[in-house]
Amino acid sequence: MSRPIYVYLTHHDGTIDDSALEMISAASRIDPDISVTAVAFGFGDDLAAACRQAAQYYREVWKIEHEKLTHPDAEVIRRVLVRILPKGAIVLIPHEHFGMDLSPGLSILLETAYLSDVVDFEAAKDDRIRAVRQEYNGSVSTHVDCDLSNGAVINVRPGIFKKEEGQGVNGLVIDKTEETFKDWIPETRRRFLEIIKAEAGEVDITQSEILVSVGRGIQDQENLEIIFGLARAVGGDVSCSRPIVDAKWLPRERQVGNSGKTVKPKVYMALGISGSFQHIAGIKGNPFIVAINKNPQAPFFQIADVAVVADILDFLPRLTAKINETREKK
Amino acid sequence: MDILVCVKRVPDPAENEIRLNADGTDIERDNLVYSVNEWDNYAVEEAIRIRDRTGGSVTVVTVDNEEGDEVLRRELAMGADRAIHVQDKLFEGADGEGLARILKAEIEKGRYDLVFTGVQADAGSAQVGGMLAAMLDWPFASIVSHLEVLDEQKIRIHREVAGGNQEVYEMDLPGVLSIQTGINEPRYVPIRGILKASSLDIPIHKASDLGLTADTAGGSRARVKRQDYFLPVMGEGAEILKGTAEEIIERLIGLLKSKGGIR
Amino acid sequence: MQTALISPAEATILGISGVGWSISILVIGLSLFAYFVARRLTPLLKAGADPRLDRIPERLVRLLKYGILQYRQPRYRLAGILHIIIFAGFMILSLRSVTLILSGIVDGFTLPGSGGRFYTCLKEVSATAVLVVCLAAMVRRGLFRPKRYAVPAKYGKAHTAEALAVLTLISGLMLCDMTFEASQFSANFQKGFQTGLLIPGTGTWLTTRAFNPLPVSSLQSIHLVAYFLHDLIFFLFLCFLPLGKHFHVVTSLPNVFLMKLDKGTVKPVKWDLDESKIVDLQSVGAKNLEDLTWKHILDFYSCADCGRCSDQCPANSVGRPLSPRFISLKCRDHAFKRYPLFGRAAKEKTPLVGQVLEEDEIWSCTTCGACENECPLMIEYVDKIVDLRRGLIDDGLVPQSLQKPLKSIEKRGNPYGKLETKRADWIQGLPVKVLGQGENCKTLYFVDSITCFDDRAQKIARSMARVLDAAKMDFGILGADERDSGHEVKRFGEEMLFLALKGKNTKAILNTGVRNIVTSDPHAFNALRHDYQGIPPVEHISQLMERKIKSGDIQLKNVENSGNIYTYHDSCYLGRHNGIYEAPRTVIDAIPGLKRVEMARCRDRSFCCGGGGLAMFYEPTEEKRMGQVRVDMARQAGANVIVTACPFCLVQIEDGIKTSGLEGEMEVIDLVELINDHLVCRE
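If you read the protein sequences in the order shown, they are chains A, B and C.
Numbering of the first sequence is given in the numbering used here, commencing with residue 49 and proceeding in unit increments.
Numbering of the second sequence is given in the numbering used here, commencing with residue -4 and proceeding in unit increments.
Numbering of the third sequence is given in the numbering used here, commencing with residue -3 and proceeding in unit increments.
Looking at chain A on its own, in the form it has when it is part of the complex:
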């Protein structure tokens, strides 16, 4: 059988993203024998550096360069992919804000099946593949059966598959720019204007070593003082999950997660946070995670190192008091 597998390479400032390495293990789950081609879009030195780095993991890296692609615009990239990908290919794309923009339309234009937000695969067989997805906000999982007879576009959830460790592949970077844009410019009816960066506020949690993070378990805005008290006691910064920002109790700059910041602290205290994958996706670097929640079924308890089943409104003031006590004794 062996359909060619292509991976959309995500990179920033000349470095490939973690997801690029995860796609390799994802691809090998589909077909361990096939070698995978990475496809990289961009412009200038950043693109070149990313392709060179990617070549250490991928046998083949397609480089496609255009000024219009300085900032990845899914509407443009979709047209280019349709032009350059062979019929019946399998394309793997990380399921985040770019992949969500690109892939559904891509699958229609390629006339392939579309699998969205996949968390696991079984090996492809007889031109079909079984994948695992989640529904109802992660409450339940489903097995889905996908017809690969015309190829597939598959969005893979970032942070799930193992990052490929083995470098030293010494792959080939093939510049496909000229071939792609011969007598053709992608015209779209959507034009990228600019990026508006999140306002820099009083704290940059992406630099914090100790994060005291709060979720809905805090129940009320007035109780936030309990969290700030603990943060002062441990010398850390306060961060939070999305519902706290949606309720306007804390500014977005303190939000950890997909639509917030990516953090890499040494210690992460998850207080009254259930632990949706969008939130957990924002925690990198394998910190020591302490989860405190009333509900022992909270998903955070799965990934934390230690956990306490307690009401944070009761437990935290006592914890803070004890920490301050031991401080004073010194």
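Treat the hints with caution; some may be incorrect.
[To be verified] Below are the EDC-like pairs computed for lysine to aspartate or glutamate, each with C-alpha atoms no more than 16 Å apart in a straight line:
no., chain 1, residue 1, chain 2, residue 2
1, C, K407, B, D7
2, A, K342, C, D450
3, C, K326, C, D301
4, C, K620, A, E273
5, B, K191, C, E271
6, C, K403, B, E65
7, B, K254, A, E257
8, B, K149, B, D(-3)
Derived by calculation from the structure, the hints in this document are not laboratory data.
Once you have looked at the hints, place chains B and C on chain A.
Positioned in the frame of chain A, the structure of chains B and C alone reads:
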């Protein structure tokens, strides 16, 4: 601006405990309460605001069996001008692509400047909007967190991306947008409004009205088929600290110190 | 009787006879006044219906108690006494004023009863008292400036100038009358004529002595000037009344007569409309001035700007934007603007919320009723706020923080979004019967949502089950058939949602065949008692326990910790709205050896915990939380244990203890829990 908003009736994530049914074929549906999909509700609110500013109309559409009727009425009570109920046994089992084909047929029957969907619904696929746009050959933007009408043919939108940042695009109309929660603050729909809407007329469009057959949009055509439901396998998980509160606190402080968690 | 001076009726001033002047002043003054009153009545004719002429005997009793006898005034001691004196003076002197005015037309005119020695005594003492009190009031208003009269910057300048002006006018009236009389007395003395009764110590007496050195010719001028000045001031004052807060002089007694008779109730959406027809209305609630009822507008006119309502308002004291006084004043000024005294009335309707009032102002109210309980003019606030909320709900203008719990109530019958099937989870092994599943009982324990689902409040339910058991009550609960009582849903303006809840609960209750209902939740108690119809009688657990302790069915052992000092916190819907103050206290005091103190603000002056129903979900702008303030009050009273009889109060006060950092120092416990802890167990 004539805006079409695609809405879906889903089990309410805030008011339900989602459990598997006995044989793993579906979630347990007894005792579930349903609502309009939260993202779709934000989309309708946004559409109403645009209409109030620029004139035009807001139409809501759903592809569902007869139970989908209640979300159409609620959005009418909220302020939408018209509702369309696309309903046919033929459509049962349609996957995301099938759904997009059905909606495409419906859209081509009318004249719309903008089509909204929510970013995603209960299955979390986030696919119908993007597929629809490609089928119609209209421009598309997902995860829209801000919308500004520049003139009758152009809009400016923001997309919510990582790190709390926003991408800004300009888009030519007609176009398809998937709307993110938090784009606005949806108004409250009083029960009285919903009761009043129960007497309104909602046209039902069948497959034949849309020129569709089981081949073009039915369940048999689906390339992706759900096989079963199961609970995600839980890993080992965290070590749960036990004992009295004092003992736990002692232990926790010790651990935090050793890991550099107390400066 | 021969007089030394020419009387006003006989005099000629500037070529016109005294009678002529008197008639002119009277006719112009009265006409202008009548015209002003008629203009002021216009909006009342355009406003909504409000039946207030029922139960006349009750109304007359209240008119006597609150109107004539000024029953509420002394609650603010000094101001109350001052006002009672001025009010009594007005009542007594009204006879005198009429006599005086008419004597300028018909010389020597007297009304029956006004000529005799008794009335003369009364009038002289009153006039003197009023003058002294006015002077004292001016000093108090102008110099000491009590806090509750302060006007927040956003509402403009202080009202002190107007207050002082009016006190001056009243003083002027008294002085003119005294001067008029004194000049006559003095002249009579000089000419050796007989005089009327002169009482030593009164103003007239003092003035007479002061006038003695003056020649009769001067006294004559003074006499006439004083008379016509009195006339002018009188009619000036009369015409001034409809222009501002002093309209209350005219409207107060009618307003008291027309007061709301039934505490704890909420006015219907429309008085003459059946519930089932609400859905067909074009618009629901008070969106503009004319949507309110005529009585509400009369309330605005009657506000005396005394500030007692806002002084008692718990929302106001924690810095929320709500000030009941200014709701009345702003709406009154709005009515004055729309219906001016001269010129056309405004045609297009103006929305009240947004133009005159703020949304936050309206949602900040906890409906505790402290304002209405304090107002000497019996102005109603809760009904107006509910009507305004109904209008906001109708237009979809609901803050997000309230939309969630409302949606959960719609879908799941409780504001927490928990499954109805879990309403009986609190039972946890206790032998509590769930009615409607083959079980029949005499009594229904209506639990209501917070007690079913809140971790802390669930303990009340368990204690309740044990206490009811100990009292040998044959009781059961509705379990999954129970829905939220809807008490706050109604008071937050979602009338249709309330009706749906009422329908379901009523059906479930009647299905069980119970004979009576008991509850530990004053909100549920008030709802079942006042908002529901056709269900068995309901009482609060404090009433039941009082009876059972008295009859000996419940026996209590000595207080567990004799070092504790307890205080009882009156919850709004048990106390103020339903008048149940003694039963809980009797129950607490029945525990031998228990020491109890009262907080300064107790009984009908109790301070709301801020937590009733949906009020707990709303996120207002405020400086402090009501729960914390109440905990402070308990500490000041010397208590370390607060006893509540309401699950919301319990949760809010416990929260207040935590956020004040007083855990371990202060405690809060529900009345039922306290009794449960002290039950003498039978073998």
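Comparing the hints with the structure gives:
1. A hinted pair counts as satisfied when its Cα atoms are at most 16 Å apart, and C:K407 with B:D7 qualifies at roughly 9 Å.
2. Proximity of A:K342 to C:D450 is assessed by CA-CA distance (about 13 Å); at most 16 Å being required, the pair is judged to hold.
3. Taken as a hint, the C:K326 and C:D301 pair is honoured in the structure, with Cα atoms around 11 Å apart against an allowance of 16 Å.
4. A distance of roughly 13 Å separates the Cα atoms of C:K620 and A:E273; the hinted pair therefore holds under the 16 Å criterion.
5. Restraint check: the Cα-Cα separation between B:K191 and C:E271 comes to about 15 Å, which is no more than 16 Å; the hinted pair holds.
6. Proximity of C:K403 to B:E65 is assessed by CA-CA distance (about 15 Å); at most 16 Å being required, the pair is judged to hold.
7. For the given pair, B:K254 sits about 11 Å from A:E257 by alpha-carbon distance, which is consistent with the 16 Å threshold.
8. At roughly 13 Å between alpha-carbon atoms, B:K149 and B:D(-3) fall within 16 Å of each other, so this suggested pair holds.
Figure legend: structure checked against the earlier numbered hints; every hint is met.
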